[in-house]
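Colleague: For reference, the chains in residue letters:
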Amino acid sequence: MSQWEVVIGLETHAQLQTKSKIFSGSSIAFGAEPNLQANAVDIALPGVLPVLNREAVVCAIKFGLAIGASIAPRSVFARKNYFYPDLPKGYQISQFEIPVVQGGGLAIRVPQGDFLRGVGEQEKFVHLTRAHLEEDAGKSLHEDFHGRTGIDLNRAGTPLLEIVTEPDMRSSAEAVAYARALHALVQWIGICDGNMQEGSFRCDANVSVRPFGQKEFGTRREIKNLNSFRFMQQAIDYEVHWQINEIEEGRAIRQATVLFDPDTGETRAMRSKEDAHDYRYFPDPDLLPLEIDAAWIAEVKAGMPELPQAMQARFQADYGLSAYDAAIVTASRGMADYFVTAVAAAGTANAKTIANWIMGELAARLNRNDTSIEDSPIGATQLAGLVMRIADNTISNNIAKKVFEALWNGEGQSADEIIEKQGLKQITDTGAIDSIIAEVLAANPKSVEEYRAGKEKAFNALVGQAMKATKGKANPQQVNELLKKKLGG
Amino acid sequence: MSLTPEDVSRIALLSRIELSPAEREATREQLNGILGFIEQLQAVDTAGIEPMAHAVDVVQRLRPDVVTETDRRAEFQAVAPETEAGLYLVPKVIE
Chain A
1 MSQWEVVIGL ETHAQLQTKS KIFSGSSIAF GAEPNLQANA VDIALPGVLP
51 VLNREAVVCA IKFGLAIGAS IAPRSVFARK NYFYPDLPKG YQISQFEIPV
101 VQGGGLAIRV PQGDFLRGVG EQEKFVHLTR AHLEEDAGKS LHEDFHGRTG
151 IDLNRAGTPL LEIVTEPDMR SSAEAVAYAR ALHALVQWIG ICDGNMQEGS
201 FRCDANVSVR PFGQKEFGTR REIKNLNSFR FMQQAIDYEV HWQINEIEEG
251 RAIRQATVLF DPDTGETRAM RSKEDAHDYR YFPDPDLLPL EIDAAWIAEV
301 KAGMPELPQA MQARFQADYG LSAYDAAIVT ASRGMADYFV TAVAAAGTAN
351 AKTIANWIMG ELAARLNRND TSIEDSPIGA TQLAGLVMRI ADNTISNNIA
401 KKVFEALWNG EGQSADEIIE KQGLKQITDT GAIDSIIAEV LAANPKSVEE
451 YRAGKEKAFN ALVGQAMKAT KGKANPQQVN ELLKKKLGG
Chain B
490 MSLTPEDVSR IALLSRIELS PAEREATREQ LNGILGFIEQ LQAVDTAGIE
540 PMAHAVDVVQ RLRPDVVTET DRRAEFQAVA PETEAGLYLV PKVIE
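These protein sequence lines map, in sequence, to chains A and B.
Following the working numbering, the numbering of the first sequence begins with 1 at its first residue and continues without gaps.
Following the working numbering, the numbering of the second sequence begins with 490 at its first residue and continues without gaps.
One or more hints might be untrue.
[To be verified] As a list, the in silico SDA-like pairs of lysine to any residue whose alpha-carbon atoms are at most 20 Å apart: (1) Lys139/A <-> Pro580/B; (2) Lys401/A <-> Gly379/A; (3) Lys19/A <-> Val556/B; (4) Lys124/A <-> Gln309/A; (5) Lys215/A <-> Gly190/A; (6) Lys139/A <-> Ile500/B; (7) Lys139/A <-> Leu502/B; (8) Lys581/B <-> Gly379/A; (9) Lys19/A <-> Gly190/A; (10) Lys224/A <-> Val164/A; (11) Lys80/A <-> Leu502/B; (12) Lys581/B <-> Asp144/A; (13) Lys124/A <-> Ser171/A; (14) Lys89/A <-> Glu495/B; (15) Lys89/A <-> Ile500/B; (16) Lys224/A <-> Phe212/A; (17) Lys80/A <-> Ser504/B; (18) Lys89/A <-> Arg513/B; (19) Lys89/A <-> Leu36/A.
[Stated by the list, open to error] Computed far set for chain A versus chain B, every beta-carbon distance over 12 Å: (20) Gly90; (21) Arg148; (22) Pro159; (23) Ile253; (24) Ile328; (25) Ile399; (26) Thr430; (27) Val448; (28) Gln477; (29) Glu481.
[Unchecked claim] Output of the computed footprint for chain B on chain A, the stretches with three or more beta carbons under 8 Å from beta carbons of chain B: (30) 17–23; (31) 26–38; (32) 46–58; (33) 80–87; (34) 264–270; (35) 347–359.
Treat the hints as calculated values from the structure; they're not laboratory data.
For every residue, glycine included, the Cβ atom is placed at its ideal position computed from N, Cα and C.
Chain A extracted, bound-state conformation (with noise of 0.2 Å):
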């Protein structure tokens, strides 16, 4: 199997946050009963003429800044002819000789090795083709209306940004990379809501794969329509192995589509290269060109939130969060905002601590409860309440955890509020502490006298004992010290 280099290149359509539809004044709500949202435009009645939605442009422009793509002063829009009834029209109207966004790239972030361990990330740039506007088709439903198809054209229409890479990368676990680090793009720039139940975010994969060393790719397939990223991994494994075995059993591979069964984990061939499609794409007589100008694209630039890699490269350096936690708190604009949210009520001073707080336990918690950091029972600001206390010594990092657990459970509104009302605040008075180690001490002659014939482990036990009766409260630090001063006097 080590001969042969895989080759993907990945095609994702994006559908865009607007309120109505890329050319008509139709709702795109999701849900709503068949064809109500499907008005004389979508349904292609005759004499209507497309109209061109600003906020789909906008988006475009929004994910053409974001990937360093140039965005086209001037764009096309074409028609892309076939029959299909979900495709009233006859056509699809989309751009293909000049795309609105051209060329660009976005950094990933590959697991390599043993990832469930987190063995290492290695960084990679795949390179984008082209992003271009087009609208979506309706849905077709084959079940049973007395042998015939029903047909939905509340979905025709709907904006959608096709997103098309370099065939860059060279493994499943680089597809799968760059279709989270663009979902989680699209959301963060706001273009896209990133729902794949609801087919907000769906991707196709050209895989193919080659002889090492050879130059031509190999002849592709295309996986239509994986809609989750454990599918896409899924598929693309299937996909490699099964075109490496026939091309080693001396069959060539014809260019084809294909479909991943989740259920048998197979693809399958869904229409050959022989049938397929001649578009006999043309410029859309219907609209004009679409003209960006730089004042436009400005405007658009000074709206958009701090990118991801910017963000890192910033909490780097104020912060002096290492890349990985860079990376990590900025995995989602959800989580971004957590953490710029917490540091904000906290201080800069704690952001570190608090990066360690939400990558540690409060991931661990919201992954055990499948809750997103979004509806997260702990708030940004009550966080940054109980790291403040922590890093004030008013409890310690393991009172910190019992804090933490009361607040997921909705015990008080605030650390300070549950440290008050359980009386988790740390023991400092040294007359405090020092009347209880002399109880201890009384208590537990046999351990003071094994300490004193040379046993370590006897001062341990003697610490242990004070913490225990403080309930965890004394600074362990300040046990250790004053133990050691009594015994040693």
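For chain A, the structure is supplied; the task is to place chain B on it using the hints.
Modeller: Just chain B now, kept in the frame of chain A:
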């Protein structure tokens, strides 16, 4: 460039148009006539001229992102050949 009868059949198939042999021949002659005009156009020297995507040299006007359409399904479906449960019904499509 001149189209063969097979070319015309393929274009007809892509366009989902059925042609009788006589129609196919007539269509072939008409299409070849159109291609003749295009050959004349292609003979013009266009070096240094920016290609246009539209016959009118104006740019696309844009629409604000506002939902302006209301439900008119009943009206639209009144003229559809067959509907059920809000869906348009068509002959079975099998992929």
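Colleague: Are the hints correct? Go through all of them and say.
Modeller: Okay, the hints, checked on the actual structure:
1. For a cut-off of 20 Å, the pair hint linking Lys139/A to Pro580/B stands: about 15 Å separates their Cα positions.
2. With a C-alpha separation of about 16 Å, the suggested pairing of Lys401/A with Gly379/A holds against the 20 Å cut-off.
3. Simply put, Lys19/A and Val556/B have alpha-carbon atoms about 7 Å apart, close enough for the 20 Å limit, and the pair holds.
4. Proposed proximity of Lys124/A and Gln309/A is supported: the alpha carbons are some 14 Å apart, at most 20 Å.
5. Only pairs whose Cα atoms come within 20 Å are accepted, and Lys215/A paired with Gly190/A is rejected, the gap being roughly 39 Å.
6. Restraint check for Lys139/A and Ile500/B: not satisfied, since their Cα atoms lie roughly 27 Å apart, outside the 20 Å limit.
7. Proximity of Lys139/A to Leu502/B is assessed by CA-CA distance (about 24 Å); at most 20 Å being required, the pair is judged violated.
8. Restraint check for Lys581/B and Gly379/A: the C-alpha separation of about 52 Å exceeds 20 Å, so the hint is violated.
9. Between Lys19/A and Gly190/A, the direct Cα distance comes to roughly 13 Å. Compliance with the 20 Å bound is thereby established for this hinted pair.
10. The hinted pair formed by Lys224/A and Val164/A meets the criterion: a straight-line CA distance of about 14 Å does not exceed 20 Å.
11. Distance restraint check for Lys80/A and Leu502/B: the Cα-Cα separation of roughly 16 Å lies within the 20 Å cut-off, and the hinted pair is therefore satisfied.
12. For a cut-off of 20 Å, the pair hint linking Lys581/B to Asp144/A stands: about 10 Å separates their Cα positions.
13. Between Lys124/A and Ser171/A the CA atoms are separated by roughly 12 Å; this keeps the pair inside 20 Å, and the hint holds.
14. Proximity of Lys89/A to Glu495/B is assessed by CA-CA distance (about 26 Å); at most 20 Å being required, the pair is judged violated.
15. Restraint check for Lys89/A and Ile500/B: the C-alpha separation of about 18 Å stays at or below 20 Å, so the hint holds.
16. A threshold of 20 Å between alpha carbons decides the hint, and for Lys224/A with Phe212/A the separation of about 26 Å lies outside it, so the pair is violated.
17. The hinted pair formed by Lys80/A and Ser504/B meets the criterion: a straight-line CA distance of about 12 Å does not exceed 20 Å.
18. Between Lys89/A and Arg513/B the CA atoms are separated by roughly 25 Å; this puts the pair beyond 20 Å, and the hint is violated.
19. For the suggested pair Lys89/A and Leu36/A, the alpha carbons sit about 18 Å apart, so the restraint of at most 20 Å is met.
20. At roughly 8 Å from the closest C-beta of chain B, the C-beta of Gly90/A falls inside 12 Å, breaking its exclusion from the interface.
21. The beta carbon of Arg148/A is not kept farther than 12 Å from every beta carbon of chain B, the shortest such distance being approximately 4 Å.
22. The non-interface label for Pro159/A is inconsistent with chain B: the shortest C-beta to C-beta separation is roughly 9 Å, within 12 Å.
23. Ile253/A, annotated as away from the interface, keeps every beta carbon of chain B farther than 12 Å; the closest lies near 22 Å.
24. Every C-beta of chain B lies more than 12 Å from that of Ile328/A, the closest at about 35 Å, which supports listing it as non-interface.
25. Interface exclusion of Ile399/A from chain B stands, the closest Cβ pair being 52 Å apart, more than 12 Å.
26. Against chain B, the non-interface label of Thr430/A holds: every CB pair exceeds 12 Å, the least being about 67 Å.
27. With a cut of 12 Å on Cβ distances, Val448/A stays outside the contact zone with chain B, its closest approach being about 78 Å.
28. At roughly 60 Å, the least C-beta separation between Gln477/A and chain B is larger than 12 Å, which holds for a residue marked as non-interface.
29. The claim that Glu481/A is not at the interface with chain B holds, since no C-beta of that chain comes within 12 Å of its own (minimum 66 Å).
30. Given as covered by chain B, the segment 17–23 of chain A passes the check, having 3 residues with a CB less than 8 Å from a CB of that chain where 3 are the minimum.
31. Evaluation of the coverage hint for the segment 26–38 of chain A: fulfilled, as 8 residues show C-beta separations to chain B shorter than 8 Å, against a requirement of three.
32. Look at the segment 46–58 of chain A against chain B: 7 of its residues bring a Cβ nearer than 8 Å to a Cβ of that chain, three or more, so the hint holds.
33. Proximity of the segment 80–87 of chain A to chain B, defined as three or more residues with a beta carbon under 8 Å from a beta carbon of that chain, is established by the 4 residues found.
34. With 1 residues having a beta carbon nearer than 8 Å to a beta carbon of chain B, the segment 264–270 of chain A misses the requirement of three or more and the stated coverage is violated.
35. Restraint check on the segment 347–359 of chain A versus chain B: 0 residues with Cβ-Cβ distances below 8 Å, three needed, restraint violated.
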